[in-house]
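Which chain is which? The protein sequence lines are A and B, in order.
As numbered in the working numbering, residues 1 to 539 make up the first sequence, in order.
As numbered in the working numbering, residues 1 to 297 make up the second sequence, in order.
Take every hint as true, because none was put in to throw you off.
Across the chosen pairs, the derived CB separations fall in these ranges: (1) B:Asn51 - A:Pro339: 49 to 57 Å; (2) B:Asn51 - A:Glu281: 39 to 47 Å; (3) A:Lys423 - B:Asn51: 38 to 46 Å; (4) B:Gly153 - A:Pro298: 19 to 27 Å; (5) A:Asp300 - B:Gly153: 21 to 29 Å; (6) A:Val270 - B:Asn51: 39 to 47 Å; (7) A:Gln370 - B:Met137: 51 to 59 Å; (8) B:Gly153 - A:Lys470: 42 to 50 Å; (9) B:Gly123 - A:Val207: 51 to 59 Å.
Stretch by stretch, here's where chain B covers chain A in the computed footprint (C-beta under 8 Å, at least three residues): (10) 236-249; (11) 389-402; (12) 409-415.
In case anyone wonders, no lab produced these hints; they're calculated from the structure.
Note that beta-carbon positions come from the ideal geometry of N, C-alpha and C, so glycine has one too.
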Amino acid sequence: MKCFNPRIAIAMVIGFALGLGAVASVSAAKAQKGGILQFVVAGESPSKDGHRETTYATIHPYAPMYSVLIRVNPDDPQSSDFVCDLCKGKVPKPTEGDTKYTFKLVKGVKFHDGTPLTAHDVVATYKKIIFPPQGIPSARKAFFKMVESVTAPDNHTVVFKLKFPSGAFLPALATPYNWIYAKKDLDEHGYNWHRDNVNGSGPFMFVQHQPGALVEGKRNPNYHHKGQPYLDGFKALVAKKMSVRIQAIRGNRAAIEFRGFPPKARDDLVNALGDKLKVQESDWNCSLLATPNHKRKPFDDARVRRALTLAVNRWEGSKYLSKIAIVKTVGGAVFPGHPLAATKEELTQLAGYGTDIEKARKEARQLLVQAGVSNLTIDYNNRDVDQPYKVVGTWLIDQWKQVGLNVKQTVRPTPQFYANLRKSHENDVSIDFNCQSVVNPIADVSKFLCSAGNNYSQCEDPELEAIYDKLLRAASEKEQRSLMRQYEKRALDEQAIMGVTLWWYKINPHRAYVKGWKIAPSHYLNQQLDNVWLDQSMM
Amino acid sequence: MSTPEIAVITDELEEKRSLVAKTWDLCRRQPLGAAGALIVIVMMVAAALANVVSAYDPELNDLEHMLEGPNAWHWMGTDEFGRDILTRIIYGARTALAIGFTAAFLGATGGLVLGVASAYFGGIIDLIVQRIVDVVMAFPLIIMALVVVATLGPGTENVIIAITIPFIPQCARVVRSSALSIREIPYVDAARALGFSNGRIILRHMVPNVMAPYLIMLTAFVGQAILLEAVLSYLGMGVQDPTPAWGLMLKGGAEEFLESAPWVSIFPGLAISLAVFGFNLFGDALRDVLDPKLRRM
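Please work from the sequences and hints to get the whole structure.
Below you can see the structure in the form of structure tokens.
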């Protein structure tokens with residue numbers, strides 16, 4: 001008989017204790033109800049209408065008030081795993097040669113005003129998004145080029161019929177801006193009513209909007225995901241200055257900022273708060289663009305636009321700007337790292353991506369001379385948001401000066417910036433962005449299409465449209481990849497419709513008591529907040 | 001050398017000595033004013049010779065040297081784009097003075113014209129002008145400037161307009177009170193009796209007699225204008241990057257780098273304080289020198 005071994009006994013005791021700890025931690029990780037989540041938002045939303053807007057400043061305060069048909073899995077937002085929100089069960093598989101999607105809706109869902117949500121509301125919503133009447137902006141209309149029709153055979157069934165099979169359809173459908181509006185509201189009040197009014201079916205109900213200060217929501221007791229939301233409500237506090245947002249988290253006036261902080265801010269917060277802070281980081285499906293105004297001379301000349309992109313030293317910018325700004329990766333039109341994205345070797349073949357910057361700038365100067373441009377002063381439109389707009393904007397000005405271009409920058413508050421970019425076009429070049437939610441390169445690159453609702457360059461290029469049309473129909477990844485290179489070459493090099501500067505990098509330091517929220521590769525995703533809760537023991 | 005020639009040279013020396021002695025005497029009587037004048041002069045010389053005294057381009061990025069602390073090559077360190085902070089402060093003085101002097105001159109001169117005209121004509125004109133002045137003066141200076149720049153948009157020219165507008169009524173009110181007493185002096189009546197035009201009476205007989213308050217206001221306005229420009233730029237409504245401007249530099253530094261690179265915000269802050277301090281001291285001393293009551297004391 002073996003003797004009693006004290007080491008084994010100690011190990012067993014420790015193991016038991018660890019096991020108990022694990023059990024305790026599991027039970028502590030159980031979502032707690034109650035509390036108001038206060039978070040900071042850097043910008044003021046231009047309107048309350050998700051269908052027309054493209055900014056996080058709309059998504060962060062208003063997405064919690066709406067439901068969508070399908071969404072990225074809130075418990076695993078880094079995946080490309082879609083789950084139903086308003087639809088029932090699993091996301092349906094396509095039928096009829098992958099050209100028909102039939103969604104069965106959850107029954108008993110109501111809008112916040114008490115109106116029952118039916119398939120007719122979903123159809124009315126998607127008709128507004130996909131086939132908007134003249135004069136009604138729809139920023140993601142181009143995502144749905146493959147859709148032929150959307151119908152409701154009964155009150156709880158929605159059918160999307162596609163013109164051709166497309167892998168880009170479901171990601172487009174999962175875009176978090178596709179808020180379901182009540183048909184009644186659209187019919188009675190018109191397509192502009194949601195710019196100023198909220199009536200959704202999401203986890204939180206609209207309470208108030210104090211312009212420039214806050215948006216407040218309270219728990220929707222009739223939310224269709226049982227047991228959720230956990231929070232009693234939320235307050236989205238508008239704080240345009242980053243220092244204010246950082247201090248808000250540091251001083252516990254706010255628990256989180258969902259967009260992202262630069263590395264310096266993360267380091268300062270970590271040093272100050274230690275284990276009271278949690279940091280989540282991710283690559284970001286967002287690129288910062290320089291959009292020339294094709295209707296203004298001399299930017300109607302592709303040579304001048306090429307000179308703009310050739311002047312930019314992206315590789316150096318990546319190395320240094322990543323220390324002070326929320327940008328990092330050099331990339332083309334496609335989210336870097338995605339199978340459809342250009343390799344470094346492929347990228348260096350594009351104008352402005354070469355590793356010999358002096359050679360590129362020499363070519364830029366030659367192009368400007370050929371275009372008859374001398375002593376040009378660019379009227380440059382920028383957004384009054386520090387990260388990364390103003391940082392990258394200042395860097396771009398310096399880059400353009402290297403090829404003899406002068407720049408007069410006008411920094412505008414978000415609403416005026418958008419008004420200028422979208423409508424008045426009173427600039428030669430504007431900072432712009434292609435921030436998408438679900439990583440879906442085929443849909444994401446539609447921004448470069450001149451027909452896209454969110455392309456503000458006023459360009460015209462049927463050849464690019466033709467390449468994109470082929471891309472949409474490409475069946476194999478190999479074919480998609482090949483067409484994507486043609487698309488990039490046309491959009492970023494030959495026509496230089498827009499210039500991609502750098503891709504963003506997302507850093508979210510937040511109070512450790514905020515639980516349930518997981519970082520996504522986009523600041524638009526996973527913002528309904530229905531699975532977020534506050535750990536009262538850590539507050 | 002003949003005796004008359006010696007006498008002339010002696011007189012010149014005497015005159016020169018007396019000028020130096022007068023200046024020295026003034027400095028002894030107004031030491032703070034002299035210090036203020038010295039700051040103002042240094043600032044003006046630095047601004048005028050910015051491209052001579054600075055070793056770097058104020059707008060050129062040098063990312064390899066971003067956020068370096070003060071050292072032998074960059075005495076005040078570098079900012080987040082590797083730009084030399086001392087250079088940007090020197091060029092920033094140019095921006096501050098250009099805006100400060102232009103806004104102050106336009107504001108004070110506008111006030112001078114309005115104030116003298118209001119006092120001279122009196123009656124309904126005076127009543128209307130003064131009520132408008134009352135309304136404009138009811139708004140705090142910074143609020144008024146913010147309203148104007150928010151309406152016109154950011155940019156150097158608009159900042160000058162935004163600062164000039166609130167200055168006009170301030171100067172008009174002070175000048176009017178001086179002009180009112182001058183209007184009652186018999187020589188103005190005499191000029192009128194001789195049939196001189198209103199314009200001639202105002203320009204030849206009234207304006208020269210209100211120059212003292214005008215100059216005092218002008219000097220005070222320069223300091224205020226520099227501060228206002230810094231405030232507007234700090235709020236993102238003034239001068240735009242990459243133009244070197246102290247308020248803008250302070251904003252960039254204080255926003256992100258106060259803890260990790262404090263020099264980015266400390267030096268522009270010091271420059272603003274010193275400049276405003278200098279102009280205020282100089283303005284106070286000027287008031288003391290030009291005010292006959294204080295001079296007698």
